[in-house]
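Listed below, chain by chain, are the residues.
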Amino acid sequence: AQSVTQLGSHVSVSEGALVLLRCNYSSSVPPYLFWYVQYPNQGLQLLLKYTSAATLVKGINGFEAEFKKSETSFHLTKPSAHMSDAAEYFCAVSAYSSASKIIFGSGTRLSIRP
Amino acid sequence: SAVISQKPSRDICQRGTSLTIQCQVDSQVTMMFWYRQQPGQSLTLIATANQGSEATYESGFVIDKFPISRPNLTFSTLTVSNMSPEDSSIYLCSAIREEALDEQYFGPGTRLTVT
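In order, the protein sequences belong to chains A and B. Under the working numbering, the first residue of the first sequence is numbered 1, with each subsequent residue one higher. Under the working numbering, the first residue of the second sequence is numbered 1001, with each subsequent residue one higher.
Any given hint could be a false lead.
Computed list of lysine-lysine pairs in BS3-like fashion (alpha-carbon distance at most 25 Å, straight line) [unchecked claim]:
hint	chain 1	residue 1	chain 2	residue 2
1	A	K68	A	K58
2	B	K1007	B	K1065
3	A	K68	A	K101
4	A	K101	B	K1007
5	A	K58	A	K101
6	A	K101	B	K1065
Just so you know, these hints were derived from the structure itself, not from any lab. All of these numbers come straight from a predicted model, not from anything done at the bench.
Please take these sequences and the hints and turn them into a complete structure.
Next up, the structure:
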């Protein structure tokens, strides 16, 4: 069985500050891990994914995430927040090495203060 | 990548009626899924749409309430039957291509309001 826990339903940072969105996973098999972003009234867009290659994964819009097996974590970071980063962010997990269903976390709403 | 479109983009329906949502992918895909996103919540998988056979439903979802069809490798429909206000949600279609099994693409969603 697989699950994802996102710590903090709402995170607020100042423009230019570090963004850190936390995600911990549970998986009985080696996982694929994803971060998706959902802008208001829009569909989901893939930010980045971990599929067992490099543990530090770089995505679009300056985001990156690090897979830490010992901590079962896959936290999302961005060095400097921009107003356009305000959105809902979802961490997700699926089974490694096969096309399978994705299990989503509860989501974290990121707000950016001017 | 795969571009996914959904119809309708939104609808307002009366309780007791049914709505069929269409999902079209611009290329052949190996797997298609349907998700529900209730207001202010995360995505919950409804079912895997299997081409040429019955869909595989997740716990808590049944075929009588959410019949699904997938007649070919690029198209699927989800019907929300006998609707109640609790069915008000965004319904999203997603797909996985054979060439990229580790990446799932999502449609823009269908925003359903049941009155």
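Tested hints:
1. K68(A) x K58(A): holds (15 Å)
2. K1007(B) x K1065(B): holds (19 Å)
3. K68(A) x K101(A): holds (22 Å)
4. K101(A) x K1007(B): Roughly 23 Å separates the two Cα atoms, so the pair holds.
5. K58(A) x K101(A): Holds, because 23 Å separates the two Cα atoms, which is no more than 25 Å.
6. K101(A) x K1065(B): It holds: about 21 Å lies between the C-alpha atoms, which stays within 25 Å.
Violated hints for the displayed structure: none, as all numbered hints are satisfied.
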